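S.K.: Residue numbers (the working numbering), protein chains in the order written: chain A, 1 to 507; chain B, 1 to 666.
Be careful, since some hints might not be right.
[Said to hold, decoys possible] Ranges of calculated distance between the beta carbons of each label pair, as one might list FRET restraints:
#1 Asp360/A / Gln646/B: 48 to 56 Å
#2 Thr397/A / Pro188/B: 20 to 28 Å
#3 His338/A / Asn276/B: 53 to 61 Å
#4 Met93/A / Asn276/B: 43 to 51 Å
#5 Thr381/A / Asn276/B: 31 to 39 Å
#6 Thr381/A / Gln646/B: 58 to 66 Å
[Stated by the list, open to error] List time: in silico SDA-like cross-link candidates among lysine to any residue, alpha-carbon distance up to 20 Å:
#7 Lys402/A / Glu229/B
#8 Lys49/B / Ile38/B
#9 Lys211/B / Asp403/A
#10 Lys547/B / Lys225/B
#11 Lys211/B / His408/A
#12 Lys211/B / Ser394/A
#13 Lys394/B / Asn433/B
#14 Lys211/B / Leu411/A
#15 Lys390/A / Asp275/B
#16 Lys402/A / Lys114/B
#17 Lys211/B / Gly262/B
#18 Lys114/B / Ala134/B
#19 Lys225/B / Asp403/A
#20 Lys162/B / Asp403/A
#21 Lys496/B / Glu413/B
#22 Lys438/B / Glu413/B
#23 Lys402/A / Asn228/B
#24 Lys404/A / Leu69/B
#25 Lys49/B / Leu69/B
#26 Lys402/A / Ser548/B
#27 Lys316/B / Gly288/B
#28 Lys402/A / Arg232/B
#29 Lys404/A / Glu229/B
#30 Lys355/A / Ser394/A
#31 Lys404/A / Ser50/B
#32 Lys303/A / Met93/A
#33 Lys402/A / Ser50/B
[Said to hold, decoys possible] Pulled a few chain B residues facing chain A out of the computed Cβ check, cut under 8 Å:
#34 Asp152
#35 Arg153
#36 Ala156
#37 Leu173
#38 Asp177
#39 Val185
#40 Gly189
FYI, nobody ran anything at the bench for these hints, they're computed from the structure.
Small disclaimer: the values here were computed from a predicted structure and weren't measured.
Here a beta-carbon is modelled for each residue, glycine too, at the ideal position from N, C-alpha and C.
Spelled out from the first residue to the last, the chains are:
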Amino acid sequence: MKTTPKASMKSSSSSMTSDAARDVNHNKTFIQFNPSNVPYAPRPGQTFTDFSPPFETESQSLYHPDREVKTSNQFGSTPTMNSLMLDWDPRTMLSNLSFLEQKIHQVQDIVRSIIDQEEHQLPNRTGELAVRQQLVTADLTCILIQLISTAGTLLPSIKNTLLSTNPTVVQLGGVLSAPTSFVLNGSPQHNEVVTPDITKGSEYAELMKSFNTSSEEGDELIKCLNACDGEVSESVPVEDHDLKESDDGIDGENLPPGSYEVLQLEKEEILAPHTHFCLICGKGFKRDANLRMHMRGHGDEYKTPAALAKPTKELNAEPTLIRRYSCPFLGCKRNKEHKKFQPLKTILCVKNHYKRSHCDKSYICSRCNTKKFSVIADLKTHEKHCGRDKWLCSCGTTFSRKDKLFGHVALFQGHTPAISLDDSKVSGMSEQAEGSVVMSGMEGIIGCNFPGSTSQDIKSLDTKVADDSFNYLSPMNFDSCSFDGLDEFSRPFSFLPSGSCNFGRRN
Amino acid sequence: MSANRSTELPTEMRTRDGRMLPSDAITTVLSVDLLIQILDRIRDPRDRKSWRLVSRGFLRAESLHRRELRPLRRETLPALLRRYVALERLDLSACPSIDDACLAAVAAAAEGLKVVCLARANRLGWRGLEALVAACPRLDTVDLSHSVGVGDREAAALAEAKGLREIRLDKCLAITDVGLAKVAVGCPGLERLGIKWCLEISDIGIELLAKKCPEIKFLDISYLKVTNESLRSISSLEKLEDLYMVGCSFVDDEGLQLLSNGSKSLQCIDVSRCDNVSSRGLTSLVEGNQCLQKINAGDCFPDLESSFLSKLSCVKNTLTVLKLDGFQVSSSSLRVIGGSCKNLVEIGLSKCTGVTDESISELVAICVDLRTVDLTCCHHLTDNALYSIADNCKRVESLLLESCSLITEKGLERIATCCSNLKEIDLTDCGVNDTALKFLSACSELTTLKLGLCSDISDNGLAHIGSNCGELLELDLYRCGRVTDEGLAAIASGCKRLRRLNLCYCTQITDNGLNNLSCLEELSDIELRGLARITSSGITAVAIGCKSLVELDLKRCYSVDDAGLWALARYALNLRQLTISYCPVTGLGLCNLLGSLRCLQDVKLVHLSWVSIEGFELALRASCGKLKKLKLLSGLRDVLSSELLQMLQTHGCRIRWVNKPLVFKG
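This is chain A alone, in the form it adopts within the complex (with noise of 0.2 Å):
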């Protein structure tokens, strides 16, 4: 199933009318699953709040912070959307509507200019068509993205106003499908996912119980939205949350199965230094802007400041479906046939893992000449810490910062730092010796640069050879000396530290 992004987003927002009760499903799962993460506690409150006035001063004491933020959340990334809901502003709705009309007079011109085309019986000109269908395309899914996020501003401020009062707008949710029905669809819900974090306060507990009576009323309100929506509702499967959240977006997250879209990139894909083509030319890019700004040469349809525009900003202001990637190795956790399946949050996500665990590690680090990496940025990250600071315990363990291992001395008996290397200067290697093992460390290094896996035991024989030179002249080597001086009190020593021996003999 190789589908790219833009196709996805094509046939989700298709599906809109055709396939409603799976689409719902979508938007709605999308809430529950707000990749933010965002506590699941505040939502709930609100939609207490919304059918059950005697209770809204307490329960929007508690929860009000939270819900500005969960709001914010649902109905557009930005603060603009909250205020929006909050206080709707008829003037961005005209401007959006007057946008909208613009959309919809050039696809009229381009399907006009198809008709006319046909009419007029031009041959020779098939290419230009599809260039045409695919702008007509894409012209619609922008008509249709930008109509669902005008909605979806509107809606919750009508919520707000009438909900809690008038039956009827649960209807009307009914009848815009997603945006209103998951508002709804949260409260049956809510009485799983807080329960388990009672144990806070009484004044939760009680908070709770009330709801819970209260919570009836709730149901009915849902019973009734679901016979508008059909089996819209049933099919949420929310009891199997784990309720843990965690910022980790990538292993922390368990989304239930089907709550989501599953992308997977082909291996080609994944690889390829360019994410954006150009529909027109296949030009590559790794960048969507710079794609845009590529796509300025193709015409003047694409210099309009909407077909410039950040694309992402009006997504979202729609509650878009939730992805997740899988991997496209087969028999790896990360893909999709793997019975504990775990997707991968982004693209990126995708590509540094394909390329840790599905490829070569054709980077090594040219300063130990052992580690090797498969992304460039674990090298860059492994070199600034590679060889300077090892921190070697008695017991052989090493450690990347000091602080690590003297934590591990306090826990074991006996055991104690290390002196590193360098310190031994002091006990007499001179600089010279100290060059010469660098000098060698270096030629290792050069000998060995060549990623290949034929270049493998030289490597380590260079690296054992520097090792060995190290050892040489390494200050243990001086334990043969002897103290010459133990017996012979009456002679001046003539002990002097091997750093001198150049001029000690001038005394």
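Start from chain A and add chain B according to the hints.
M.R.: Quick look at chain B alone, frame taken from chain A:
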């Protein structure tokens, strides 16, 4: 001391002057056991010396009995170690040229060593320490302070001695956390540790130390760049009694708070010069440690808050020493201190502003046990303060009054009559006169007398001192321009035990005065700066007579030439520190001096205009790398051979290059 001697020893044993020698019969009759028992009661080193000279039997008894040794020169070590077989305490700080081989040999010869002082042994390495540790299983205390070459490797070698209980590593600059960890892991029974000035040691090392050495009682972390985290670790030391943390600028009140939450065993704390400590931290410290005995909070913060003073009552029964140098002190605060701490024995108010006669009288009215009163630079004090001190604190032993220029002989008279125990008085820049000295001479216990910048002092005053203060050890006559040879004669005849004498810029002094001084055998430090009249003959007399001479300052003695240096080279064998800047000496004399004196460590050779470059080159080469500190004109840096400079550096010599114009004064 002399009283003790006469009671403990039968009169026929008094052998110092040799005239009372008992007959040979008695000396042969006494068994070694008896002799050793007698020796137990002889403490004074001079008496011991006399003892050794009695007979071979006495010498043998002394060599069997002797446990301590402080050799002054390395050359004598072999013979000394052969003679003294039962040594337990060996102080090698006077032989800084000791190296690995030498120490290994010493250790092999003295296996019973418990305490070894290797301070300033900058040529010592880990091999020597390894040999020492291997040879002396009973090793208990090792002092490596100021051995700048000592690093982690040496600490590791030292840590092999599991039984060590005290280690001093002050200013061992190369020691890092790793070295400290070695010591901490190797010596779990450590009780006293000094790591002052070991600038590489950080919180991590201290934390490990606190975990591994729970027995620590004494810890000196002065001037370390440690933070509150270290104090958190230190607070877990259950037995800590003394904590010195001078100049720990990264420690603040929070750290002291942590410390006070920890063990309650703390008795002595020194937080002087900790810039970020304020009254709040001290308050929490006093609240947390109810048995604090000594607090030194000098130069921390200027304002003394009443909250802290009122909390001093928490430690009112135990507190004996309180040092508040550099504070803004009001009269009320001193009253509160007096009211809270009745048992104070020592108070330091040096450079405190706002100290008045009234506040002092209120303090001493309650704190009658005061022995040491430091009022340096309390400019507003008058005789009234001295009256109240004299009337209340009869047991005052040390009175520091530098720059209290309003005091007169009347106040000192009262002090001298009431405080007969007075041992130390500092009257520098107080403008006192001969009459005051006459009164002060009533204090026969006086050991330290500082009269610098009191230009009214003359020979008459010194005559009083010389005739009455036989115990005087230190006399400072800096810039007392009226003092002449006669005054010196009076001092030399009366104060036989004098050790330190400062005669800088007493310009009337001539060779005759120095001849008078030459009878003072114990004189070790002499400062003779700017005495243009003294010549080499006077120096020769001092070099011959003052056998203990260790420090000599001859800067700007324009008449001292090579002959003086020859005499020093020949006789002042223990000389360690010498200043001959501006003296008209030549390369030959310098060469002879540096080549002969084996103990010389610190030499200042600025503006020796008669010494050629070759002279410097030869002389410094002749010093055989013994020198540790050298002061030279910066112009010489380029003309002296790089080999020589490198050699000096390798041997641990630090050269201070100075650049100042040649100006003849006086």
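S.K.: It remains to establish, for every hint, whether it holds in the given structure.
M.R.: Consistency of the hints with the structure:
no.: 1; hint: Asp360/A / Gln646/B: 48 to 56 Å; result: 52 Å, holds
no.: 2; hint: Thr397/A / Pro188/B: 20 to 28 Å; result: 21 Å, holds
no.: 3; hint: His338/A / Asn276/B: 53 to 61 Å; result: 57 Å, holds
no.: 4; hint: Met93/A / Asn276/B: 43 to 51 Å; result: 59 Å, violated
no.: 5; hint: Thr381/A / Asn276/B: 31 to 39 Å; result: 36 Å, holds
no.: 6; hint: Thr381/A / Gln646/B: 58 to 66 Å; result: 42 Å, violated
no.: 7; hint: Lys402/A / Glu229/B; result: 16 Å, holds
no.: 8; hint: Lys49/B / Ile38/B; result: 14 Å, holds
no.: 9; hint: Lys211/B / Asp403/A; result: 14 Å, holds
no.: 10; hint: Lys547/B / Lys225/B; result: 43 Å, violated
no.: 11; hint: Lys211/B / His408/A; result: 12 Å, holds
no.: 12; hint: Lys211/B / Ser394/A; result: 18 Å, holds
no.: 13; hint: Lys394/B / Asn433/B; result: 24 Å, violated
no.: 14; hint: Lys211/B / Leu411/A; result: 9 Å, holds
no.: 15; hint: Lys390/A / Asp275/B; result: 35 Å, violated
no.: 16; hint: Lys402/A / Lys114/B; result: 34 Å, violated
no.: 17; hint: Lys211/B / Gly262/B; result: 14 Å, holds
no.: 18; hint: Lys114/B / Ala134/B; result: 13 Å, holds
no.: 19; hint: Lys225/B / Asp403/A; result: 16 Å, holds
no.: 20; hint: Lys162/B / Asp403/A; result: 25 Å, violated
no.: 21; hint: Lys496/B / Glu413/B; result: 25 Å, violated
no.: 22; hint: Lys438/B / Glu413/B; result: 9 Å, holds
no.: 23; hint: Lys402/A / Asn228/B; result: 19 Å, holds
no.: 24; hint: Lys404/A / Leu69/B; result: 45 Å, violated
no.: 25; hint: Lys49/B / Leu69/B; result: 13 Å, holds
no.: 26; hint: Lys402/A / Ser548/B; result: 49 Å, violated
no.: 27; hint: Lys316/B / Gly288/B; result: 14 Å, holds
no.: 28; hint: Lys402/A / Arg232/B; result: 19 Å, holds
no.: 29; hint: Lys404/A / Glu229/B; result: 16 Å, holds
no.: 30; hint: Lys355/A / Ser394/A; result: 36 Å, violated
no.: 31; hint: Lys404/A / Ser50/B; result: 61 Å, violated
no.: 32; hint: Lys303/A / Met93/A; result: 25 Å, violated
no.: 33; hint: Lys402/A / Ser50/B; result: 58 Å, violated
no.: 34; hint: Asp152; result: 5 Å, holds
no.: 35; hint: Arg153; result: 6 Å, holds
no.: 36; hint: Ala156; result: 6 Å, holds
no.: 37; hint: Leu173; result: 11 Å, violated
no.: 38; hint: Asp177; result: 7 Å, holds
no.: 39; hint: Val185; result: 4 Å, holds
no.: 40; hint: Gly189; result: 15 Å, violated
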